[in-house]
Every structure is written in structure tokens, then in C-alpha cells.
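Peer 1: Going left to right, the sequence shown walks through residues 1 to 225 as this note's numbering numbers them.
Since the hints were derived computationally from the structure, they do not count as laboratory data. If you're wondering where the values come from, they're calculated on a predicted model, not measured in any experiment. Quick reminder that beta carbons are idealized off the backbone N, C-alpha and C, glycines included. Be a bit skeptical, because a hint or two may be false.
[Stated by the list, open to error] Derived CB-CB ranges, DEER-like:
#1 Q9 x E104: 14 to 20 angstroms
#2 E215 x H174: 34 to 40 angstroms
#3 S152 x S126: 34 to 40 angstroms
#4 M156 x G116: 57 to 63 angstroms
#5 A132 x E13: 54 to 60 angstroms
#6 N124 x H93: 44 to 50 angstroms
#7 K166 x G129: 51 to 57 angstroms
#8 E13 x G116: 29 to 35 angstroms
#9 M156 x S178: 30 to 36 angstroms
#10 A137 x R170: 46 to 52 angstroms
#11 E180 x M156: 32 to 38 angstroms
#12 A204 x E169: 50 to 56 angstroms
#13 Q9 x A132: 47 to 53 angstroms
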Amino acid sequence: FEMQRAADQAHAEFISKYGGELALGTGFASTPAPSVFSPPATPSYPVGPGPRVQQPAATPAKTPEKLYESAPKLNLGAMSRESLDDSVQDARHDLGKLSANLREESRAAARDAVKGTSDILKGNASGLGKKAKEEAARLKEAMQKAMEEERSLKAMKGRAAEEVKKARERMQQHLTDSKEGAMGDLTQMAKDQFGSLRGKANDAFEEGQNVMEREWKDFTSGQDS
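Construct the complete structure from the given sequences, taking the supplied hints into account.
Peer 2: Set out below in C-alpha cells:
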């Protein structure tokens with residue numbers, strides 16, 4: 001847009017500078033044109049009503065400012081009407097080419113800007129995609145670790161339940177053994193007590209029997225006497 005504005009401004013300055021002198025061409029239509037242009041000596045524009053000579057194409061390497069500055073200056077006072085008309089047409093042609101070049105350069109700059117923006121966006125998108133893949137890989141790894149930990153916890157829970165079951169079985173067996181041992185001890189104690197009581201009873205019975213036998217002997221011996 002800046003280049004297009006510069007071209008439009010140059011065109012407006014050309015028209016404002018030479019537009020008022022174009023009407024004077026009628027007064028010197030028959031005036032010869034010995035020297036139409038200032039140096040360089042070889043004119044770039046045709047003099048007189050002769051056939052129009054094709055102007056050499058401008059070198060693409062030159063910028064529009066260089067083309068405008070290097071353009072030969074017109075000597076309008078020494079030009080005929082036909083030469084002036086041809087010169088104006090050539091000038092308009094050059095300005096048109098200049099404007100076209102400016103538009104093409106503007107479009108090229110816009111295309112480059114769009115391409116650069118697209119490349120930047122693609123690069124950013126590629127970077128974001130790479131980061132998203134990395135985050136997805138990290139998330140997948142974390143989920144796998146969580147699943148492994150869950151399986152480990154389940155295995156530990158199963159082992160703990162098995163240990164609890166075994167502990168209960170051992171406690172039950174110990175209780176059973178203790179109960180049986182206690183019953184055995186009580187039975188043995190009862191047997192021992194019963195044996196002791198039986199022995200004491202036998203001793204008491206024998207003692208009573210001996211007493212009765214002595215008393216009977218004493219009684220019978222007393223009767224005999």
C-alpha cells in the first residue's frame with residue numbers, strides 16, 4: 001500500500017507540473033523540434049510525427065524511485081504537438097508500467113507475508129502438535145503406572161486377605177488345641193482327684209473295718225470271759 005501511494009503521488013505531481021503546459025502545444029504545432037530532451041543526447045522519446053519507437057523495457061532490478069529519478073526531463077517549449085502527445089502517451093505508458101510494477105511488488109510482498117504467516121502458523125501448529133503428542137504419551141505412561149499400581153494393590157490385598165485367613169486358621173487351631181489341652185488337663189485333674197478320693201475312701205473303709213473287727217473281737221472276748 002505504501003508503494004501504491006508513492007506511485008499515485010508521483011503521477012499526481014507529474015500531471016500538476018506539466019498539465020498546464022499541454023494546452024500550449026497548439027501554438028507551436030509547426031515549430032520544429034531541434035532538441036526535445038536534455039541529456040542524454042540520444043532521446044528516449046520520438047521527436048516529430050514519425051512512427052512511435054518502442055521504449056526499451058526497464059530493468060527489473062531498478063526500484064521505482066530509481067526509474068523515476070533516471071527518467072529524462074522534457075523540454076516542452078521545443079516540442080511539437082505530435083511529439084508532445086507521443087511523449088505524454090509514453091509517459092503515461094511508463095507510469096502505467098510503474099504502477100503495475102508497484103502493484104505486482106505489493107502483491108508479491110503480500111504473498112510473502114501470507115506465506116511467512118502461514119509458515120509461522122504451520123510451525124506453531126507443528127510445535128503444538130508435538131507438545132500434544134508428548135503430553136498424550138506422558139498421560140498414557142501415567143495411566144499405565146496407575147494400572148500397574150492398582151494391580152499391585154489388588155495383589156497385595158489378596159495376599160493380605162490370605163494372610164488374615166491363615167492367621168484366623170492358626171488362631172482357631174490354637175484355640176482348639178488349647179481347649180483340648182484344657183479338657184485333657186481337667187480330665188486328668190479329675191482323674192487324679194477321683195483317685196485320691198478313692199484312695200482316701202478305701203483307707204477310711206479299711207480303717208473302719210479294722211475298728212469294727214477290733215470291737216467285735218473285744219465284744220466276743222468279753223462274752224467268753
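Peer 1: Does the structure break any of the earlier hints, and which numbers would those be?
Peer 2: 2
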